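Sequences and hints are given; from them, build the entire structure.
In the order they appear, the protein sequences are chains X and R. Going by full-length UniProt numbering, 48 is the number at position 48 of the first sequence; the sequence numbering is gapless. Going by full-length UniProt numbering, 12 is the number at position 12 of the second sequence; the sequence numbering is gapless.
Derived from the structure by calculation, the hints contain no laboratory data.
Only pairs whose alpha carbons sit at most 20 Å apart, straight line, appear in this in silico SDA-like list of lysine to any residue:
(1) R:K93 <-> X:E8
(2) X:K11 <-> R:F21
(3) R:K93 <-> R:Y73
(4) R:K25 <-> X:V20
Distance windows between CB atoms, simulated:
(5) R:I171 <-> X:V39: 25 to 31 Å
(6) R:N97 <-> X:F14: 23 to 29 Å
(7) X:L22 <-> R:W144: 40 to 46 Å
Every value quoted in this text rests on a predicted model; they were computed, and no experiment measured them. Beta carbons: idealized from backbone N, C-alpha and C, even for Gly.
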Amino acid sequence: MSFAKEHEIHKRRFGRNLGVALTLAAFVALLMGLTVVKVTRGDFEPASVKEQSGG
Amino acid sequence: MTDASLHSQAHENEASFGDYFALLKPRVMSLVVFTAMVGLLAAPGGIHPFIAFCAILFIAVGGGASGALNMWYDADIDRIMTRTKSRPIPSGKVSANDAFAIGITLSVFSVVMLALATNWVAGALLAFTIFFYVVIYTMWLKRWTPQNIVIGGAAGAFPPMIGWAAVTGDIALESVLMFTLTFMWTPPHFWALTLFMKSDYKDAGVPMLNVTHGRPSTRNHILVYTLLLAAVAIGIAFTAIGGWIYLTTAVILNTIFVIGAIGIWRRTDEDCEADDHKKEKRFFFFSLTYLFLSFGAILAEAALAPYGLGGW
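Structure representation (structure tokens):
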């Protein structure tokens with residue numbers, strides 16, 4: 001008997017772990033994208049700076 | 001039975017990623033995504049495409065979270081009903097505690113992320129929608145009143161308002177009318193289904209209108225709501241999000257829908273048995289097209305506006 005033989009349950013667990021990993025990776029990418037968009041648009045600049053730049 | 005076989009049986013029910021995803025009610029989510037997107041695109045002013053994408057995603061996650069909390073609370077009746085007993089909790093794949101934890105986590109996550117990505121009005125509206133669906137509908141009114149569908153429909157009607165608020169940071173007449181469109185559409189859509197589906201809500205102790213008040217009363221309710229829906233739907237044509245395309249679509253769709261409701265209203269149980277609920281089935285399936293085309297027409301008005309074609 002080989003302990004290395006893969007059972008269906010291992011595939012299911014791998015799928016679950018992969019799903020969680022991809023979801024987390026997508027979330028990191030989403031936060032990155034949101035930050036880039038918000039910083040580029042000047043959303044985080046103080047109101048006084050926005051007024052000076054006419055934003 | 002050996003320890004090994006017991007162990008193997010315990011693992012056979014272990015959840016896959018798809019079982020956790022099923023907690024979020026993906027089919028309901030598709031309606032939420034579409035109507036939220038229409039609300040977002042019909043709203044005046046612009047929104048960055050990436051922020052728009054994030055907003056729709058967070059609204060969908062919030063809708064999914066409320067679905068998970070609904071499954072957590074309704075696990076007892078889901079076990080009884082044929083339609084729902086294969087759901088992740090009754091089938092033993094996901095524990096009720098896990099579903100609760102996922103629901104609460106995703107609720108907080110979606111509300112905070114939507115508020116940070118867009119504004120706090122949109123975040124607050126999403127929080128209220130989740131509260132309304134889980135506490136007001138699922139926990140309180142679903143098992144208490146035969147008007148449960150009417151109230152539950154309100155929760156499903158909020159997404160276009162949230163999409164609108166994500167752009168404007170505000171609530172407007174147009175966004176309230178889009179809410180009202182889905183709100184008025186839900187009862188005739190669902191009650192038509194209850195007329196031809198062999199329902200086991202009675203065994204589960206959920207008071208459905210056709211069980212508590214009878215089928216003739218359900219037919220009356222369908223007609224009244226369809227007429228009210230037609231008034232709202234055509235009224236939208238004369239607001240800022242309406243125009244010729246929407247008006248033409250709304251007149252055609254509502255004429256067909258009202259004719260269908262009158263057809264159902266004039267029928268008896270014998271008529272239904274004779275043709276296996278042909279009219280009720282046709283009305284139900286048309287209601288899906290109705291909602292899709294109504295919101296599609298609002299979307300078309302918004303999309304064509306920059307070219308001088310949409311609106312009045």
